[in-house]
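Here's the letter readout for the chains.
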Amino acid sequence: MNTVITSDLRIIGDVVGSGSIRIDGLVEGIVRGRSLTIGEGGHVEGRIYAETVLINGSMRGRVVAVNVTLGSCARVIGKVFHHVLKIEPGAVHDGLKPWRPINFFRSGSVETDEE
Amino acid sequence: MFTKTERNYDMKSTPETTSAAATASHAPAHSQARATKGPSVISAELKVVGNLICSGDVQIDGAVEGDVESRTVTIGEGAKVKGGTSAETVIISGEINGAVRGTTVRIARSARVTGDVTYKALSIEEGAVLNGNCIHDSKVETSSATTHKRGDSGHVANVYTTAKATG
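Line order of the protein sequences matches chains U and P. Number 53 in numbering that gives the first Met the number 0 belongs to position 54 of the first sequence; there are no gaps in the numbering. Number 22 in numbering that gives the first Met the number 0 belongs to position 23 of the second sequence; there are no gaps in the numbering.
These are calculated hints, taken from the structure and not from any lab test. Ideal Cβ positions, reconstructed from N, Cα and C, are used throughout, including at glycine. Treat the hints with care, as some may be off.
[Stated by the list, open to error] Cut-off 20 Å, straight-line C-alpha distance, at most; resulting in silico cross-link-like pairs (EDC-like, lysine to aspartate or glutamate):
#, chain 1, residue 1, chain 2, residue 2
1, P, Lys81, P, Asp66
2, P, Lys79, U, Asp13
3, P, Lys46, P, Glu94
4, P, Lys46, U, Asp93
5, U, Lys85, U, Glu50
6, P, Lys79, P, Asp66
7, P, Lys138, P, Glu125
8, U, Lys85, U, Asp13
9, P, Lys79, P, Glu44
10, P, Lys138, P, Glu87
11, P, Lys81, U, Asp13
12, P, Lys46, U, Glu27
13, P, Lys46, U, Glu44
14, P, Lys79, P, Glu64
15, P, Lys36, U, Glu39
16, P, Lys138, P, Glu124
17, P, Lys46, U, Asp13
18, P, Lys36, P, Glu64
[Claimed, not checked] Incomplete in silico selection of chain P near chain U, CB under 7 Å:
#, residue
19, Gly65
20, Ile90
21, Asn132
[Said to hold, decoys possible] Over the 10 Å line for every Cβ pair with chain U, so calculated as not near, a few chain P residues:
#, residue
22, Pro38
23, Val40
24, Glu44
25, Leu45
26, Lys46
27, Ala98
28, Thr102
29, Arg105
30, Leu121
31, Ser122
32, Glu124
33, Cys133
34, His135
Produce the complete structure using the sequences and hints provided.
What follows is the structure, encoded as structure tokens:
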């Protein structure tokens with residue numbers, strides 16, 4: 000079963016998994032997973048490391064993922080490291096969107112990249 | 000450079016204002032991101048290091064290192080919780096290392112509990128492992144999480160006005 004963080008849940012701390020995570024609540028900390036969705040009303044304050052990220056909620060911090068989609072309701076502040084990026088009309092992003100080769104996400108350089 | 004004062008978007012106003020116009024033409028990501036009902040689920044392969052605060056129901060099948068406050072907490076078989084658990088109803092089938100507080104506490108046969116259990120109503124199934132004191136309290140005070148409403152903390156509403164990009 001997939002992880003679901005509903006709107007009435009707050010997690011103050013890190014969330015680490017290897018499956019899919021859906022966040023409709025609030026997470027303050029690092030989120031790691033394969034596939035991550037921030038639903039409308041969901042908020043992440045911290046960092047996201049995943050294969051695929053779909054953001055329709057709000058996010059402050061860094062996103063590091065191969066496939067990133069900013070949905071029409073997305074509000075994102077911070078760097079979005081990506082290999083493939085899709086931004087839908089209506090999304091708001093304040094920050095840089097650095098492209099990186101696929102190896103960047105596979106290697107450990109993700110952790111050390113502080114540029 | 001841009002001035003910081005211009006960053007005054009209201010994050011809370013998003014769904015009505017922007018989505019209505021945008022979804023008309025572009026639905027894919029939006030439709031996937033509909034809000035879900037039911038309990039929060041921490042799945043088996045997931046580990047949370049930190050505290051969980053919930054005004055609804057939480058089902059834990061993975062690992063949690065930290066405190067859990069909720070209305071209902073269900074700790075599934077194979078789950079591991081290291082920290083205090085406080086809820087109106089606590090149902091334990093997995094492993095807990097820490098204090099348990101609950102108005103109703105149910106310990107199933109597959110459970111392993113190490114820590115004190117404070118309860119108003121307690122049931123322990125045959126086969127359960129319980130190491131700790133069982134303390135009856137007719138007025139168990141569980142967390143404040145049950146009265147917590149999302150947005151009280153102001154995070155969601157205020158990020159955009161107060162924040163600088165941290166990325």
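Consistency of the hints with the structure:
{"no.": "1", "hint": "P:Lys81 - P:Asp66", "result": "holds (8 Å)"}
{"no.": "2", "hint": "P:Lys79 - U:Asp13", "result": "holds (16 Å)"}
{"no.": "3", "hint": "P:Lys46 - P:Glu94", "result": "holds (14 Å)"}
{"no.": "4", "hint": "P:Lys46 - U:Asp93", "result": "violated (30 Å)"}
{"no.": "5", "hint": "U:Lys85 - U:Glu50", "result": "holds (14 Å)"}
{"no.": "6", "hint": "P:Lys79 - P:Asp66", "result": "holds (12 Å)"}
{"no.": "7", "hint": "P:Lys138 - P:Glu125", "result": "violated (27 Å)"}
{"no.": "8", "hint": "U:Lys85 - U:Asp13", "result": "violated (26 Å)"}
{"no.": "9", "hint": "P:Lys79 - P:Glu44", "result": "holds (11 Å)"}
{"no.": "10", "hint": "P:Lys138 - P:Glu87", "result": "holds (11 Å)"}
{"no.": "11", "hint": "P:Lys81 - U:Asp13", "result": "holds (14 Å)"}
{"no.": "12", "hint": "P:Lys46 - U:Glu27", "result": "holds (15 Å)"}
{"no.": "13", "hint": "P:Lys46 - U:Glu44", "result": "holds (18 Å)"}
{"no.": "14", "hint": "P:Lys79 - P:Glu64", "result": "holds (8 Å)"}
{"no.": "15", "hint": "P:Lys36 - U:Glu39", "result": "holds (13 Å)"}
{"no.": "16", "hint": "P:Lys138 - P:Glu124", "result": "violated (24 Å)"}
{"no.": "17", "hint": "P:Lys46 - U:Asp13", "result": "holds (8 Å)"}
{"no.": "18", "hint": "P:Lys36 - P:Glu64", "result": "violated (25 Å)"}
{"no.": "19", "hint": "Gly65", "result": "holds (6 Å)"}
{"no.": "20", "hint": "Ile90", "result": "violated (17 Å)"}
{"no.": "21", "hint": "Asn132", "result": "violated (28 Å)"}
{"no.": "22", "hint": "Pro38", "result": "violated (7 Å)"}
{"no.": "23", "hint": "Val40", "result": "violated (5 Å)"}
{"no.": "24", "hint": "Glu44", "result": "violated (5 Å)"}
{"no.": "25", "hint": "Leu45", "result": "violated (4 Å)"}
{"no.": "26", "hint": "Lys46", "result": "violated (5 Å)"}
{"no.": "27", "hint": "Ala98", "result": "holds (18 Å)"}
{"no.": "28", "hint": "Thr102", "result": "holds (18 Å)"}
{"no.": "29", "hint": "Arg105", "result": "holds (21 Å)"}
{"no.": "30", "hint": "Leu121", "result": "holds (26 Å)"}
{"no.": "31", "hint": "Ser122", "result": "holds (26 Å)"}
{"no.": "32", "hint": "Glu124", "result": "holds (24 Å)"}
{"no.": "33", "hint": "Cys133", "result": "holds (28 Å)"}
{"no.": "34", "hint": "His135", "result": "holds (29 Å)"}
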